[in-house]
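Peer 1: Next come the chains, spelled out residue by residue.
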Amino acid sequence: MHTALAWRNIWRNPRRTAVILAAIIIGVWAMIFLGSLMRGMAGGMVKNAIDTLTGHIQIHQKGYRSDPAIEYTMTDPEPVLSDLDAILPPGSDWAGRVRVHAMANNARHSAGVAFVGIDPETEPLVSFIGPETLIEGRYLQKDDSNAILVGKALLEKFETHLGYKLVLMAQDADREVASRAFRITGVFDAEMAAAEKGFVFVNRSAAQKMLKMGRGLSEIAIVLPDREKVPATAEILKQKLPDHYEVHTWQELLSAIAGYLEIFDGFMLLWYLIIFIAMGFGIVNTILMAVFERMREFGVLKALGMRPWWIVRGVLTESCLLLLLGMAAGNLLSLGSIFLLSHAGGIDLSAFAAGIEYSGVSRIVLPVLNRQDLVTANLVVFFLGLLISLYPAIKAARFTPVQAMTHI
Amino acid sequence: MDMTDHPAKIVQVADVVKTYQQGSVAVHALRGVSLSVEKGEFTALAGPSGSGKTTLLNIIGGLDKADAGEITVDGNRFNEMRDSDLARLRLYKIGFVFQSYNLIPVLSAVENVEYVMLLQGISRKERRDRSRAILDDVELSGKYDRRPHELSGGQQQRVAVARAIVSNPAIVLADEPTANLDSETGRGLLEMMREMNVSKSVTFIFSTHDRMVMEYARRLVRIRDGQVADDILK
Ligand SMILES: Nc1ncnc2c1ncn2[C@@H]1O[C@H](COP(=O)(O)OP(=O)(O)OP(=O)(O)O)[C@@H](O)[C@H]1O
Ligand SMILES: [Mg+2]
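Going down the list, the protein sequences come from chains R and F.
Just so you know, we're using our numbering here: the first sequence kicks off at -6 and counts up by one.
Just so you know, we're using our numbering here: the second sequence kicks off at 777 and counts up by one.
Derived by calculation from the structure, the hints in this document are not laboratory data.
No experiment lies behind these values; they were computed from the predicted model shown.
Straight-line C-alpha distance at most 20 angstroms; calculated SDA-like pairs for lysine to any residue: (1) Lys901(F) <-> His(-5)(R); (2) Lys901(F) <-> Ala(-3)(R); (3) Lys145(R) <-> Pro124(R); (4) Lys150(R) <-> Gly130(R); (5) Lys869(F) <-> Asp850(F); (6) Lys869(F) <-> Trp303(R); (7) Lys901(F) <-> Leu883(F); (8) Lys841(F) <-> Arg300(R); (9) Lys841(F) <-> Thr393(R); (10) Lys901(F) <-> Met(-6)(R); (11) Lys388(R) <-> Asp859(F); (12) Lys869(F) <-> Arg300(R); (13) Lys150(R) <-> Ala187(R); (14) Lys901(F) <-> Thr(-4)(R); (15) Lys841(F) <-> Val395(R); (16) Lys145(R) <-> Arg131(R); (17) Lys388(R) <-> Ser860(F); (18) Lys145(R) <-> Leu155(R); (19) Lys841(F) <-> Gln396(R); (20) Lys388(R) <-> Asp840(F); (21) Lys869(F) <-> Pro301(R); (22) Lys841(F) <-> Thr399(R).
Chain R on its own, in the form it takes in the complex:
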């Protein structure tokens, strides 16, 4: 009967109840749906960074990380490569690359780029480059010794076109300056403008030959089937590989992003609290109004022998019902929005924010629903909601019957 009474009480003033419910629904939606977009953005940022030639784990010659120069080449990577499949968890992919700083020139322009020699078959498994990212021309083939892939942004900057030549200059293994012309056979598009401007890709054998590296590699990038497995796998690699190699996880390679992710849970909680504060004022005020209107009734209840604590419990039961109703609707609305947006292919942020592609954030944001976030948001709304309802509840319990009776 207590619950039935509370239920009827909340429908005494349907309009007011609608206002409270709307506040809760909008609040929950802002927490869960907008929160999922924030998650999606952060996730997209990590994914972009990992795709942009980072991978989950990288193996280098010791010293390469602090000075990515040609001296720190893995000169004889074959034994490592042949062990890799046995060491890595099933479903992992890896690719070995040549990667050096180089100057790209044509008749009018020159710029520093990362000159990357890739295995055209394995590289698409671990990074963004591959047949799908090409918007013009064709992808590298195994025996292409002259072909080079450049980003759309670089192409525009250099005012050049498909089929034109591009000259690359870099220090070779003998510390001589090696220089060679390649022909642009493909133009790629990347999530991030920096990648479009910063990378050029050639066949690995062509790069090795130009730089006199033999079969040497600058780095091996590994992508695991599950990001969770990174720390354990990196540990195993460190143990099994000879001492002159170094192993880094993506968290070490992308320390700024990893740090950001670490405080992201804190951001989410802060986001929930900010929304809750806005929503909480509305809830408290409206419940307070309802309580004052029923002052006389609380006076009668006290005259009947009701203890203050019972009145507190009664008001809390009412707000509990309101919270549960609002949360149910808010969750449905959020899940619906997330579902619809995922099916619509996400939000294209470039429409809202010019230059977003320079920030490391993806142009397209897909909502990411995290179970932990869902639970936290609901717990925040429910328990803080009850907590702030204590204020009007205690107010109601404090009315003395005489006050209550003489107030009307």
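Use these hints to put chain F with the ligands onto chain R, whose structure you have.
Peer 2: Just chain F with the ligands now, with coordinates in the frame of chain R:
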């Protein structure tokens, strides 16, 4: 004077003083009231507006505190009781009927009567049976499930009386129970209260300034300026 030796005396009020502070003015609502009421009495407190009737009933009911004097209800001395004890006393021993707005609007007649028993922790079935029986006694059979707004003023007051007497309290305090009713309805309510007084020996104290209502009283206590002016047993 030890007042707890008289079990037949349900209410004992001795030298009760109550002064309200209204801004800088002290309003002497009660200036030393003494009164004792025995089991089964049907007593009216009469007096002009502002004489202190409501104040006295509230103090007897433990809703308000006296500044001085002693109150004992059914052997419980208020001076020694905490607020929670008073609430408990009201729940089990004192019934209230106010002038208006007595009922909880979202509860039906039968639920309003049940509510007190719910607070007392009485089982659902017993609650239902007893509240229906008492509503039959106040001639509201067939109106169990009506909400207060679906009942007339007289019917609402009957529900309030039913609620006040359903758990066999030591005393029922009614502050101008007929003031919002027309005289015919008021008469009916009083007859019903008197009937309950006789058949169930419920002790009533009610206030009024209506001459007709005074007629029904077995005992008439006149209050004037916060004092008992006279006390007539009929
Ligand atoms: N809460 C209060 N604060 C200040 N003064 C009060 C308060 N309650 C009552 N009084 C004053 O105390 C006096 C007695 O009031 P009380 O309500 O007991 O009279 P009453 O006999 O019930 O009058 P009525 O017939 O109009 O109901 C009045 O002068 C009233 O103004
Ligand atoms: Mg009065």
